[in-house]
Amino acid sequence: GQQVMQIPQYQHVQEGEDFTTYCNSSTTLSNIQWYKQRPGGHPVFLIQLVKSGEVKKQKRLTFQFGEAKKNSSLHITATQTTDVGTYFCAVHAGNNRKLIWGLGTSLAVNP
Amino acid sequence: KAGVTQTPRYLIKTRGQQVTLSCSPISGHRSVSWYQQTPGQGLQFLFEYFSETQRNKGNFPGRFSGRQFSNSRSEMNVSTLELGDSALYLCASSLELGELFFGEGSRLTVL
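Here the protein sequences line up with chains A and B, keeping their order.
Here the first sequence is numbered in my numbering, starting from 1 and rising by one per residue.
Here the second sequence is numbered in my numbering, starting from 1001 and rising by one per residue.
Because the hints were derived from the structure by calculation, they are not lab data.
Do not take every clue at face value.
Distance condition first, Cα-Cα at most 25 Å in a straight line; then the derived BS3-like pairs of lysine-lysine [claimed, not checked]:
hint, chain 1, residue 1, chain 2, residue 2
1, A, Lys51, A, Lys98
2, A, Lys98, A, Lys70
3, A, Lys36, A, Lys57
4, A, Lys98, B, Lys1057
5, A, Lys36, B, Lys1013
6, A, Lys98, A, Lys36
If we strip away everything but chain B, and leave its shape as in the complex, we get:
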């Protein structure tokens, strides 16, 4: 069974640009969650999608958005990038209320 796949793995952007990250969940998993991880800040929850609907949302500004497609694949977008957006963005998929399976993450550097 293939794991959670995130693309791209690494990317560098400049302030003001926008970025789109992609996540392909484990087959059969309908829940996809996104997290931002920075050194010393733990895992900051961005949002969770289930069957194409945003079910939960963290405390991030509106520049952070996401969506989920009918095949459960998910994308997140960050517009008007700021230096502080530099982080590891992790995607996780799960069955309903089950354990999370994380991808390797997308490491974003904003210059």
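Excised from the complex, chain A in its bound form:
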């Protein structure tokens, strides 16, 4: 079945450094969603990308959908301790539109 590879699995940064996580698929995606889960919390929806080459920004977060719609990235500029958590990508796949999840990237920020 379809798989979504998310890298890196873990990332430690100093506060103020940038951070990027990538989500890759071997097949063309119809859309991609990004979620954030704080430690001890539940996943919270961040954004959905649909169009080829689409770029969306939310304050310090920049989301991009690849031109071939096979990969996506989430970039955080000047990380803050509030950015700590696990970032997941998820894609709809198959005729039954099942949601496939990446394993997530856990971000730790040293103050």
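Since the structure of chain A is already known, use the hints to place chain B on it.
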């Protein structure tokens, strides 16, 4: 608008017992999905219900079952509990193919 409500929040069971978890979706959401989350394993999809019908199913043994009622509330049941079933069980509701709204989760400990 009330969010997704899961009960109970915490529970402890012993091996061989069975457990039922409940999820009340956001009003108007007809899709309810269930996930199992364990440290380092990301979000493992259990099943999705839409209008009382199971629309998608993950790769879990038959001990894991669920159902959805006419008011969209959903329950999942795990029979003959094993130690490895200890996890956070997350419920999420959504409109058709939209973003998922997660509940706080039910943390199950099997002794």
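Results of checking the hints against the structure:
no., hint, result
1, A:Lys51 - A:Lys98, "holds (19 Å)"
2, A:Lys98 - A:Lys70, "holds (17 Å)"
3, A:Lys36 - A:Lys57, "holds (15 Å)"
4, A:Lys98 - B:Lys1057, "holds (9 Å)"
5, A:Lys36 - B:Lys1013, "violated (30 Å)"
6, A:Lys98 - A:Lys36, "holds (20 Å)"
Against the hints set out earlier in the document, a violation occurs for number 5 only.
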